[in-house]
Amino acid sequence: MGAVETVTPHSAWLTVHSRPRMLQRFGELSRARLAVVLAFIGVYISGMLSISHARGAVLPCGAGTGCDELAFHPSSYFHGIPVAYFGLAAYALIATLTSVRCWSTNTTIRHWSFVMTYFAAALGVAVSLRLTAVAVVLVGVVCAWCIASGVVMCLLLWTHASEAAGSARRGAVRESAPSKPLVTVCVVIVAGALATHGLMLGTRATLQLDERELATIPLGELVPAHAPVLGRGEAPWTLVVFSDLGCAACHFYLPQAVQLVKRFPQLKIVYRHYPLASGGPSDYAAQLVAGIGDSSAAWRFILECSTRRPKTADEYKAVLFGIVGGRRVLTRGGADAERAAVTVRKDAAVGQRLRLPGTPTFILVHPGGVRREAVSLDALPGILSRAQRAKASALGPIKHGKRRTKNEGPS
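Following my numbering, the numbering of the sequence shown begins with 38 at its first residue and continues without gaps.
One thing to keep in mind: the hints can contain errors.
Stated by the list, open to error - The calculated lysine to any residue pairs, modelled on SDA-like cross-linking and capped at a C-alpha distance of 25 Å, are:
| # | residue 1 | residue 2 |
| --- | --- | --- |
| 1 | 348 | 71 |
| 2 | 299 | 313 |
| 3 | 428 | 416 |
| 4 | 383 | 253 |
Hints in this document: simulated from the structure, not taken from any laboratory.
Using the sequences plus the hints, can you model the full thing?
In structure tokens form, the structure reads like this:
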């Protein structure tokens, strides 16, 4: 005969009451810990997006992708401030509140931290859904980073909703605090990841192109006679911009480049086309630019595209029609259109030869044309200002509009 298990009243009470409570307690702790981890994951995602905006950097998904296009779209800004900054502030608040529940021993503080986090997560889900709808419907792109942020916010809302539902079933709120070391680990990991990954994000100047090709390519190929020029033709400094008229980052940066030409008369800009998608509407727009034959009108068209952001070939054509009239708008299939297509292909071939990482790419050609370097627009004013000061110092003091000679004393 098998052994008979003796069940005492005490062991029966443990079976009926303690185990479910232990499981409930484990579930509460697991959800609380999950909320902490999710909050810090959100800090990392929004932090990377914020660093991308602050440094003008390219996210790992690459230049010219949906992430890149959405980052520079007007819908990604609220009163001139990137939406990513608000996301970082929201996740930082949620991470702080969930951490308070870990560190505080005050039941009231932990309770209200939970309530505030619950509300913040619900608001965050609503904002994420709206931004995702705007990206898909209005902009027509899908951003993997934005989707990831929305998923994290939804999971945060779920953890708090399930914990609140469990408290409602019990008829009282039981606050559970995860272990304190978890917060420390999350802070260290996220801070380290942002410091390393964020600083490693390449700007459009630091993304590697083929520097050997850049140094050896003939100046006539880098700065061809047919390319639209903005600025004085005799300006000693040349900024070559490889751009795509359908690129959101180009729409953002090209007007800034034009302002630099107005600020520094010794600088001129040369436009080159580098297609993100061959044969698309922006490729046709580049052929329209090549077929204009007038640098001033070409740059007006380029800047108008940056403002209006056309999407289809007909929209590009309408923009150009408003600038030059119908007589100079290319029709597909004609001889002029074929010559323009050849010009665009030559531009693209130069970009491929240089192994450009994306658009826009700015290449500064120093006076004389020998020295060339990829630059960012943020660094360009400093370079030109230093060159101005060096030139003024080399000329020496000026007296009555001419250089003072060594024999002349001070006036």
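Results of checking the hints against the structure:
no. : hint       : result
1   : 348 to 71  : violated, 43 Å
2   : 299 to 313 : violated, 29 Å
3   : 428 to 416 : holds, 19 Å
4   : 383 to 253 : holds, 17 Å
The structure fails to meet hints 1, 2 from the earlier list, while all remaining hints are met.
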